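Q: The chain contents come next:
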Amino acid sequence: MLEIKNLTKRYRNASVNAVEDLNLKLNEGEIFGFLGMNGAGKSTTIKCLTGIYPFDKGQITICGKDIVKDNIQAKLNIGYVPDNHSVYEKFTGKEYVNYISDLYKISVSDRKERLEKYAKMFRLSEHLDKQIKSYSHGMKQKICIIAALIHQPPLWVLDEPMMGLDPQSTVQIVRQMREHCQKGNTVFFSSHNLDMVAKICDRAAIIEKGKLHTIIDLHQKGNKETLEETFLKITAFEEDYE
Amino acid sequence: MNNIVTLLKMEFLNRFEKISIKGVKPVLKILITLAISAMFFWLILKGSGYFFRMFNKAGLAYEALVIYFTGAFLFLLITNISSTIKVLYFKGDNEILMRFPVSGWEVFWAKTIFLLIIQVALTSLVSIPLLIAYGQQVNVTASFYVSIPAVILFLVFIPFFLSNVLAIPFMHISNKIRHHYSFIILALTIVVTCIFLIYTLIFERIIVYIRDQELFSVFEDKTILIISQAIKYLIPTKYFAGIMLGEFDVTRVINRETMVVTVGSTRTMSYLVLAIILELSVIGSYLVIKKLYRKTLLSNIEAEGSAFKKHTKIKRRSEFSTLIYKEFIQVFRSINYSFQYFVLACSMPIMAYFCNRIALSIGMDNIGNKIIPGLTLMVMLIFNTIIVSFSATSTTREGSKFYHTKVMPVPIHKQLFVKFVMYALVSFLANTITIAIIILTKQMSTDDSFVFMKPLAIYLISIMISSGLTLIAMKMDIIKPKIALSGDGELTDSNSNTTTIVLIGFILSLLFGVAGMLIPYLLGVEFEIMFYALALFALTFLVFSLLFYFIRLKAAYNKIT
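Protein chains in written order, with this note's numbering: chain A, 1 to 242; chain B, 1001 to 1561.
For reference, chain B alone in the conformation it holds in the complex (with noise of 0.2 Å):
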C-alpha cells in the first residue's frame, strides 16, 4: 500500500507543477487559469444551450442529452484507450519502475488511480455546465440534478474499464503499424476531416436555428424519425439519460400531425443495465491485467525498441534536394511532427468551404454573400497561422543534431531556406487547393467586374502573410531556440515561440478577416478598393518579415550552442 501512495505522488509530481501562492507570479498564474476556466465553463453553457434548445424545439430533448453521452462515451473510451496503453503499457518510466523493489501489480494500481481521477476531474468539468445548460432549456425535475454525480461516475468508470480490456488488441494493432507512416497519416487526416465536417455541419444547423429562432424547427421529419429511432440502438449511452430523466411522454409533430411518444427507459432500469455493463467490464478488465499485464508489459518494452527497415538505393542528389529529403524524413516518419505539419493543411479547403456554406445560408441577398471573400481570407489564414505555427520549432527540433548544421560545409541561409521552402510548401498547396475549391464551387459571387481578381487577391495576401509568418517564426526561434527535447529526440512540448507566433497570426487573421467581411458591408467601401488595400498591408508586413529575417541573421544563429 505505502509502494503504491508514494507512486501515487511520483506521478502527481511528473505531471503537475506544484501549486504555489507565494510571489505575485504564481498568484497571477492562479488567476488566469480560474479565469480561462470561467471562461470554459461559460462558452459550454452557452454552445450546448443553443444545441438543447435546437433539439428541444423538436422535441428532440431526450435524443440531444444521449448525443452528448454518446460524444462523451465514445471521446472517454478513445481517450482512455490512449492513456491506458501510454500510462500502463508504453515504455515511459516503466522499464525505470520495473527495475525497483515494486511489483507490476502496485505499479498497475498507482497509475489507475492516477487516470481514474484526473478523469473524475475532467469529465465533470465538461459535463456540469453542459447539463446544466441542458437544465435550464428542457423542463427537469430535481432528481435530473441529483442524479449527475451518479451519471458522472458511471461515464468515467464504464469507459475507463472497458478501455482496459479494449487497449491490448489495440496496442497489438498500433504496434503492427507503428512503421506504416503514410498509412497513420492518411488515416489521421481523414479522422480529423470527418471531426471538423461533423462540427461544421452541427455548426450550420444551429447557425440556421440561430437565423431564424420562429421556424418550429431546423430538422426535417424524416431527420426526426431518423434521430428517434438510431437513439433505440445506443447501448449504454442512452441508459445515462434514462437515469437523469427517466421515461416520460413527448408530443411531436411529423408530417403535420401532432403525435405523443414514450421515450427514455426507468429509472431503476437504467441503473440496473449500467450497473451489469460496469460489473462486466471490472471482471474483463480484471482477468485481462491479471492474465497479460506483466507480460504485455515486458513484451513491449522490447517491442518499442524493434527497428524500422528500409531498403534504400544509394543515389546522389543535389545539396538541396538531400537537405529538403532530410527536413522530410525527419517530419514524415514522426506522427506527432506529420500531424502538425500535413493533416492540418489537408483540412483547410474543407473548412474554408464549409465555413462558406454557413455564410451563404445566412442569405444571399443578406449579408452573406458580402462577407464571403473576408471570411474565406480570415479561415484561409487562421488555418496558415496553426500550419506556420509549426516552423516556430525548426531550430529547436534540432535539438542534440544542432551541431550537424554547423559542421555541415553548407551555408547556414542556404539550410534555412531550405527549411522555408519546406515549410512554405504546405501552406502554398494547401491555399491553392482551398482557392481552387472555392472557385470551382462558386461560393464567390460573379455579379462584379472584379470576379477574376477576388480569389486571386484573397490568395495573393493569404501566401504573402504565411510567408512572413513563416520567417517571424523561424527568425524567433533562432533567437531563442530551447536546443533540450525529451524522449527520443521530438520536441513534446511547443515552446514560446509557438505560442507568441499563434497569436500574432490569429490577431492578423481577425484583422484582415474583419476588415474585409465587414468594411465593404459597413462603410459601403468598394470591395476592389479594400482588397487593394488589405494587399498592401500584407505586403508590408512581408517586407517587414524579410527585414526581421535578414538582420544579424547569421550572427544570431552562431549563438547558438
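Isolated chain A (complex conformation) (with noise of 0.2 Å):
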C-alpha cells in the first residue's frame, strides 16, 4: 500500500537531515500509528509522502505509484488530513466538499451519498451550507476529515487527527478508520496521543531525531501494554536517566 525507501529530507539551510534513511511499509487493512516527539520528523515524512515537499533522496510509491515519477496516480490514492485544518474558507462546507470531488472525479451519486453519511456521522449536516469562516477549530476538522474521505482513499493520512476535537468525534473517527481498514484500506496517522495508538492500531513506529527508531506490533503480547514506556525510554533526555 505505502511503500518509503531511504527516504531523506532535508531543508533550506539547515545542518541535519530532518528525516534519515527512513524505511517504512504499511499492509492492506493495517491502522498505522506514527509516534515521535515535536520536531522528530513525524509531519515532514507526512508532507513528504503526500507530495507536499520534495525530499532529497529515496523513493515513495502508494499502490505501486510513485509519488515523483508518477504523481497524480500516486495522489488520487490517498485522502490527506493536515494538522492545521486549513482549508479554504470562503466556500461553505458542502461547496468545498464537492470541489474535492470533482478533483477527485467522484459520481454526483457517490459525493451526495457519502457527504450526507459523514455528515450525520459528524454531526455537521446542519452546518453545510455555512461558510467554513464560521466554523470552529473542531468543525473545520471534521471538514476536511470528510474531504479526504469522500474519494474512499486506499491510503488515509491523518496528521494529529484528535487533535481539537470533542470526544464524540474522537470516537467517530476511530470506528471510521475501522471501518475504512475493514475495506482494505490503509490508515496512516501521527499522534502524541500513546493510549489511543495502542488502543487502535496494528502497528506503531517510533522516530526520534529524523530517524525510524523502531516498529512494534501492538498485537504481540505485552507490546500495548508497554508501548508509552518504551517510548518514553527511546525519546527520553540522557538527564532523565542521570
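To be clear, the hints were calculated from the coordinates, so they are not data collected in a lab.
In this text the structure is predicted, and so the values were computed from the model without any measurement.
Where hints are given, some of them may not hold.
In silico DSS-like links for lysine-lysine, alpha-carbon gap of 25 Å or less [as the list claims (entries may be wrong)]:
no. : chain 1 : residue 1 : chain 2 : residue 2
1   : B       : K1401     : B       : K1554
2   : A       : K112      : B       : K1554
3   : A       : K140      : B       : K1310
Where chain B lies over chain A, by a calculated footprint (3+ residues, C-beta under 8 Å) [unchecked claim]:
no. : region
4   : 73-82
5   : 198-209
Even for Gly, the Cβ is constructed at its ideal location relative to N, Cα and C.
Both chains are sitting in their own frames, so use the hints and assemble them into the complex.
A: Now the structure itself:
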C-alpha cells in the first residue's frame, strides 16, 4: 500500500537532516500509528509522502505509484487530513466537499451519499450550507476529514487528527478508521496520544531525530501495555536517566 | 490614566516601525521618505495652484476654497467613520484587549487619541501646501495664514466627533450587507467610476485653462451662477472659508455685465457656528459612546462570527471549471480582493474614453488627434498594470491552504494555467470593452488608410503586454512567495512582487505610450510603421515572459514549502 525506501529530507539552510534514511512498509487493511516528539520528523515524513515537500533521497510509492514520477496517480490514492485543518474558508462546507469531489472525479450519486453519511456521523449536517469561515476549530477538522474520505482513498493519512475534537467525534473517527481498514484500505496517522495508538493501531513506529527507531507490532503480547514505556525510553533526554 | 498611555504606546508600536538612524539602510529610508514628502508637497502646491487660479479668474476664489473644504470634510468624515468602525468596533485586537484588566472606556480613549493624532498630522500635511497655494494665487491678508491652525483643528475634530455618532448606524448597515457581495462590488464600482469621472472632468477644465490662459474664464455664466448659489448651502464647510477670508466683495462679469457681489461670512459668525457644531457633535458623540460603546463592541465581536449561508446543489464540474470556480469564489467573496480584481477593470474603459476626450479638447488640428492612439495605449497599459498586479500574489494568497495545490491530483501546470485564465479574463474583457468604446465614439481619426488597424493594433499590443506582465508576476510570486498571511487568511499588504510588477508595467506603459504619442508627431514617422514596431516589441516581450514563466517552473513551485 505505502512503501517508503531510504527517505532523506533536509530543509534549506539546515545543518542536519529532518528525516534520514527512513524505511517503512504499510500493509493493506492496517492502522499504522506514527509516534515521535515534537520536531522528530513525523509531519515532514507525512508531507513528503503526500507530495507537499520534495525530498533529497529515497523513493515513496503509494499503491505501486511513485509520488515523484507518477504523482497524479499516486495522489489519487491518498486522502490527507492536515494538522492545521486549513481549508478554503470562503466556501461553504458543501461547496468545499463538492470542489474536492470534482478534483477526484467522484460521481454525483457517490458524493451525495457519502457527504450525507459523514455529515450525519460528525453532526455537521446543519452547518454544511454555512461558510467555513464561521466554523469552530473542531468543525473545520471534521470538514477536512469528510473531504479526505469523499473519494474513499486506499491510503488515508492523518496528521494529529484528534487535536481539538470533542470526545464523540474522536470516537466517530476511530470507528471510521476501523471501517476504512475493514474494506482493505490503510490508515496512517501521527499522534501524541499513546493510549489511542495502543488501543486502535495494528502497528506503530517511533521516529526520533529524523530516524526511524523501531516498529512495534501491537498485536504481540505485552506490546500494547508497554508502548508508553518504550516510547519514553526512546525519546527520553540523557539527564532523565541520570 | 496609566492604562491609557500604555494602550496608546501599544497602538503606535503596532502601527509604525521604530525610527532608527543606526546604519545606512534606515537613514536612506528616512531620506527617501523625506524626498517623497517634499515631492508630494510640491505636487499639491503646483496642482492646487492651477485649480485656484482657474476659479479666481472667474471671480470664484471664495467658492474654490469652500469646494476644497467640502471635499476635505467629506473625505475626513468617510475615512473617520471607516477608521472608527475598524479601530473601535471591529474585532481586531479588541477581543484581546477585552480580556485584560482594562475598562472599555480606557480602550476607547487610547484609540481615540491615536486616531486624532494621525488625523491632525495627515490633514496638516495635505492642507498646508494647499492653503499656501491659495495664498499665492489669491490676494489674502495675514489673518488668512494665522487662521490655518484653527481651521485644521476644526477640520479634524468636527468630522471626528460626527463620525462617532454616525459609526454605529453605518456599522449596523455594513453588518446587514456584509454577505451581499454582488451589491457591495457593484456599489464600489459605481463609487470608483464616479470618483474617476469627477477627477477627469476637473482635470479637463484645468487642461482647457492651461491651454488658453488668455481666456477670461473656463466657466460659462450659467455655471458661475450655479456654483455661487450652491455654495451658500454648504454648511458647515462654508464657515471654514469664512474663518480664513471673512466677508468681502468680489467683482464678476455675468452676461457681459460687471457686478459686485458680497461673499463669505464674518469671522466672528464663522467661529461661532463652527464652535456650536463642534460642541453638538462632542455631546452627541459622548452620549452615543456612553450608552452604546461597550454594548455595540460586544455584540459586534459576536456578529463578526456570523455565518454566510448559501444553499448549493451538488453537481459535477470538469476539472478546469471547478478550479476556476474556486478561484472566482476566493476573489468574489472577499471585498478586498474583488476591489483589486473587478473594480479597477470596470473603470478602465471610462478612464481611457475621458483621457482621449481631454486630448481631443486640445484641438483636432493641433496635436490632439495625433496623440490619441498613443495616449489610449498608455492609459490602457497603465490600467492593465494595475489589474495585472493582482496576479503577483497568486501563490501567496493560497496562504496556509497552499498544501492543497500540492496534494490535489492535478498537475501544477494546469492549476497555474487556470489562475492565468482567471486573471487574463478580466483584463481581456476590460481591453475589449475599452477598444469597442473608442471605436464606437469615433475617438480615432478616419482620415488615413490605417483606420481599422489602429484600434486593432492598440488592442493587440495591450493584450500582449498584459499577458506578459501576468506571466512574469505569477512566476515572481512562485519564486518568492510570502505564504504567511494575517487576519482571516487574507492578504493585507501587497508584497515586493506587486511593487516590482507595477514598476515594470508603468515603465512599459510610459515607453509604449510616449513612443506612440511623440514619435509619429515629432519625427514624422508613419503611424502605421510606428505601431508595427511597437507590436513587434510587445511580441518580443510576450515571448520573453513565456520563457521566464516556463523555464524551471515546476522546480520553483516544488521548492515552495
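Q: Give me the numbers of the hints this structure contradicts, sorted from smallest to largest.
A: Numbers 2, 5, in rising order.
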